[in-house]
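Visitor: Read off the chains here:
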Amino acid sequence: MKVLSEKLFGGKQGAIGLAILSLLLFVVFPLWLDLFRLGLIGKYVTYAFVAISLVLLWGNGGILSLGQGMFFGLGGYCMAMFLKLEASDPISTKIQTTPGIPDFMDWNQLTALPWFWEPFKSLTLTILLVLIVPTLLAFIIGFAMFKRRVGGVYFAIITQAIALILSILIVGQQGYTGGVNGITDLKTMLGWDIRTDSAKYILYFANAGLLIACMLLARYILTSKFGMLLLAMRDKEERVRFSGYDVSNFKIFIFCIAAMISAIGGAMFTLQIGFMSPSFVGIVPSIEMVIFAAVGGRMSLIGAVYGTLLVNFGKTMFSETYPELWLFLMGGLFIAVVMFFPDGLAGVYEKYATKFNLTGKLSKLMIKFNKSASVTDELVGEKP
Amino acid sequence: MSSTDFVLAIEDLTVSFDGFKAVDALNMYIDNNELRVVIGPNGAGKTTVLDLICGKTKSTSGSIKFKNKELTKLPEHEIVRAGVGRKFQTPSIYENLTVYQNLEVSYPVGRSVWGSLTFKRTPEVIEQVHKIAAEVLLTEQLQMEAALLSHGQKQWLEIGMLLMQDPELLMLDEPVAGMSAKERDQTADLLNRICKNRSVLVIEHDMEFVKKIAHKVTVLHQGKILAEGPMEKVQADEKVIEVYLGH
Amino acid sequence: MFGYSMEEVGNIVVMQGFSGLSLFSVLLLMALGLAIIFGQMGVINMAHGEFMAVGAYTTVFLSKIAVSYDIVNSYFVFAIVAAFILAFFIGYFIEFLLIRHLYKRPLDTLLATWGLSLVMQQIFRSTFGAKEVSAELPEWLLGSFKPTEDIDIPINGVFVMGLALIVTVGVYLFMYRSRWGLRVRATMQNRVMAGAVGINTKKVDRLTFALGCGIAGVAGAAFTTIASTGPTTGSLYIVDSFMVVVFGGAASLMGTIASAFGIAQAQSILQFFMTSSMGKVATLMTIVIILMMRPEGLFASKVRK
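So the protein lines, in turn, are chains A, B and C. For the first sequence, the UniProt record's numbering assigns the number 1 to the initial residue and increments by one for each residue that follows. For the second sequence, the UniProt record's numbering assigns the number 1 to the initial residue and increments by one for each residue that follows. For the third sequence, the UniProt record's numbering assigns the number 1 to the initial residue and increments by one for each residue that follows.
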């Protein structure tokens with residue numbers, strides 16, 4: 001069955017799948033949904049970056065990271081720091097004790113910009129750092145752990161602990177990070193107002209384009225010999241090692257790539273939603289993102305994107321109408337996927353591809369979602 | 001003591017686990033193109049010797065020289081790259097991949113991260129996979145998922161994966177376990193064929209099978225060599241009969 | 001040091017040390033349960049914190065009854081037993097429903113039990129409300145005694161520690177000195193052989209898991225003496241508890257005790273000198289770094305592979 005799924009989502013079938021997804025993202029959603037709801041889709045799509053990173057890392061490589069949220073968050077924070085500096089020019093912050101630094105620093109009695117904020121004055125450096133900082137952190141963690149052959153549940157627990165550390169650190173260091181509120185009131189990028197309607201459309205398309213690009217990168221990795229080795233390592237790590245491969249290097253590499261892809265999602269989140277907060281860094285978001293991938297199908301890149309979209313539609317729908325039910329549902333989803341659908345939607349799709357009209361069901365869900373999403377609740381729920 | 005003529009020279013090799021010496025001052029030399037079989041009762045240290053050679057277990061003292069290259073300090077993948085291949089006791093293959101993919105993954109090109117990303121399925125690769133598949137009698141099953149193979153075929157597939165690497169020393173841990181009589185004969189033929197241009201070290205319990213393949217037999221007992229030589233000589237050895245009664 | 005005199009520092013260390021002992025006791029009780037479930041069975045139970053909450057809510061609930069019958073001074077011992085029994089049976093049930101299907105997939109167990117923890121949290125919220133609740137403590141648990149002028153030692157802390165030590169000894173006797181413990185250890189080391197010599201391995205699994213959950217329930221009862229309980233209380237302790245178990249070397253009882261002590265003390269003393277969040281960061285960071293150097297934990301035994 002797993003061989004079948006590879007055939008289904010690679011090659012010609014894979015291309016068709018990707019084309020349908022692109023059609024949805026680039027044509028159907030923008031034409032059909034109003035800007036607010038399109039913005040929600042854009043937000044979900046940023047989570048999909050993390051989901052596909054988990055398909056690489058967990059589905060194919062068998063490495064479960066419970067700290068993907070921290071890479072998403074770091075990417076997002078890097079971008080937010082740039083935007084915040086631009087929003088904190090001396091003129092608009094002249095009422096502060098120290099004009100020219102972000103407002104939360106001023107509230108916390110800081111009188112100068114901390115050194116590590118300096119590089120974020122430049123957009124070029126910022127874009128580089130969005131990619132480098134999370135990847136470097138992943139490299140350090142990966143190097144320390146994989147070289148010592150720590151894997152499986154230990155890796156999961158330790159990445160979770162690191163995500164916890166990072167989120168406590170961000171919350172605790174209010175003066176440097178904006179604390180629990182995160183970095184808010186982001187306005188412009190190089191003078192371009194990111195809050196206007198046209199900017200929102202442009203960012204939505206850029207985001208979707210980047211997602212497709214990341215999926216192509218991931219697909220390339222998975223169809224190369226590297227991808228085959230990932231599956232082989234998941235299955236029989238010793239055999240790979242005794243076939244002359246330095247297993248740890250492969251694991252470090254895929255962990256770094258997964259971190260980088262997640263970070264791109266985080267940076268796009270900041271740009272589209274206009275803030276970044278520690279609530280995307282810690283344990284809960286990290287593990288929720290795993291369930292996005294699991295629902296879609298841990299082995300399938302395209303499945304993971306649909307999984308992310310569906311779970312988040314569900315969340316938006318239920319957390320408004322029946323907030324108490326949502327945790328039950330989410331919990332039940334974790335249990336049900338693991339127990340009954342380990343290959344997620346992609347697995348189900350494979351089984352019932354002919355009987356089950358997936359696109360039909362999807363559009364029904366979309367209509368429901370369209371009706372139930374309400375502007376005010378979403379804003380109240382999201383803004384700190 | 002130099003040992004230039006031997007493919008593998010093990011000298012004074014000792015490993016102890018919390019004081020228990022699983023392998024005790026072992027000396028063993030293997031020639032070019034030799035097929036050596038190591039036998040011995042359970043717990044004699046046979047598998048541990050293979051573990052030591054391929055780097056899975058680190059020795060306490062002593063040396064293992066492969067073509068005059070010291071192996072004891074090398075990481076596992078370096079030992080493999082030097083030309084040592086090892087089959088595990090239970091067939092260790094990638095069940096989720098096809099037979100073809102199992103063999104191709106073992107092809108010794110593209111072993112670095114970058115190399116594996118840029119690896120191309122050239123005609124030589126395909127040719128080599130088919131050649132080896134024919135050697136281990138799996139041509140028909142090339143597109144089959146490896147999980148679906150019979151136990152004996154899985155053993156062959158693992159041997160095939162090792163042959164893909166074209167190792168100069170091939171180590172096989174109980175290669176005919178769980179095979180039918182016919183499959184054992186086919187495996188014996190296979191081993192006799194493949195030791196033409198490499199040395200092979202086999203651990204085996206099945207004496208009939210050992211007779212068919214062994215050039216020389218080493219008997220291990222409590223981590224030490226009890227006897228060594230041609231099969232007939234070893235079988236007549238008093239000490240061997242004593243520890244091995246019933247086999 | 002930080003503008004304190006040496007004597008003050010000494011007093012601070014002693015007092016923070018004692019407040020660390022309360023944290024140590026709760027962490028130890030949590031970790032003992034986890035060490036049994038994770039160390040012996042290899043199961044990652046992310047809902048372990050919620051089993052602690054089960055114990056805590058049981059205690060709170062019983063304390064309300066005790067107040068209405070005016071038996072506040074004597075109910076607490078019963079509450080501990082009730083917390084154990086309830087958590088034990090919920091654990092027994094969960095093993096039957098969920099865990100036993102997932103023994104071969106440890107990472108999936110992790111996700112499924114996380115799902116379970118979400119469900120349990122919502123049950124707590126629906127039943128007891130989102131606000132934190134606290135138990136009516138018997139009088140003999142309140143107050144503190146003063147060995148010297150500047151040192152205050154709260155009695156509830158001492159009580160909780162005593163409880164933790166009793167449970168620890170109990171676990172030790174059970175695992176290493178009883179027939180049942182022998183069966184548990186045999187099953188975990190070689191399931192097939194254990195089955196072959198007539199041990200009902202499925203029953204052993206179920207009881208082992210339930211026992212771990214039961215101990216978490218006791219941890220919950222102990223927890224009510226030092227803090228109030230909310231729906232997400234358990235989740236606050238889960239990472240710390242896992243760190244304790246992993247840091248101590250998963251299957252070592254001594255290691256679990258030592259690492260619970262070290263982590264609780266470090267956190268408690270550092271919290272005084274830094275902010276509370278930075279104390280936690282420093283502690284966790286140290287553990288993670290040590291674990292990266294020594295992945296097998298502090299007290300792991302050497303095993304022939």
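Careful: at least some of the hints might be erroneous.
[What the hints assert, rightly or not] With a cut-off of at most 20 Å between alpha-carbon atoms, the simulated SDA-like pairs for lysine to any residue come out as follows: (1) B:Lys211 - B:Asn192; (2) B:Lys58 - A:Ser248; (3) B:Lys73 - A:Leu40; (4) A:Lys187 - A:Ser22.
Rather than coming from a laboratory, the hints here were simulated on the basis of the structure.
Visitor: Each hint: holds or not?
Guide: We went through each hint and held it up to the structure:
This hinted pair checks out: B:Lys211 and B:Asn192 have alpha carbons roughly 12 Å apart, not beyond 20 Å. Distance check on the hinted pair: B:Lys58 and A:Ser248 sit about 19 Å apart at the alpha-carbon level, within 20 Å; holds. As the CA atoms of B:Lys73 and A:Leu40 are separated by approximately 56 Å, the hinted pair breaks the 20 Å bound. The suggested pairing of A:Lys187 with A:Ser22 is violated, with an alpha-carbon distance near 29 Å, which exceeds 20 Å.
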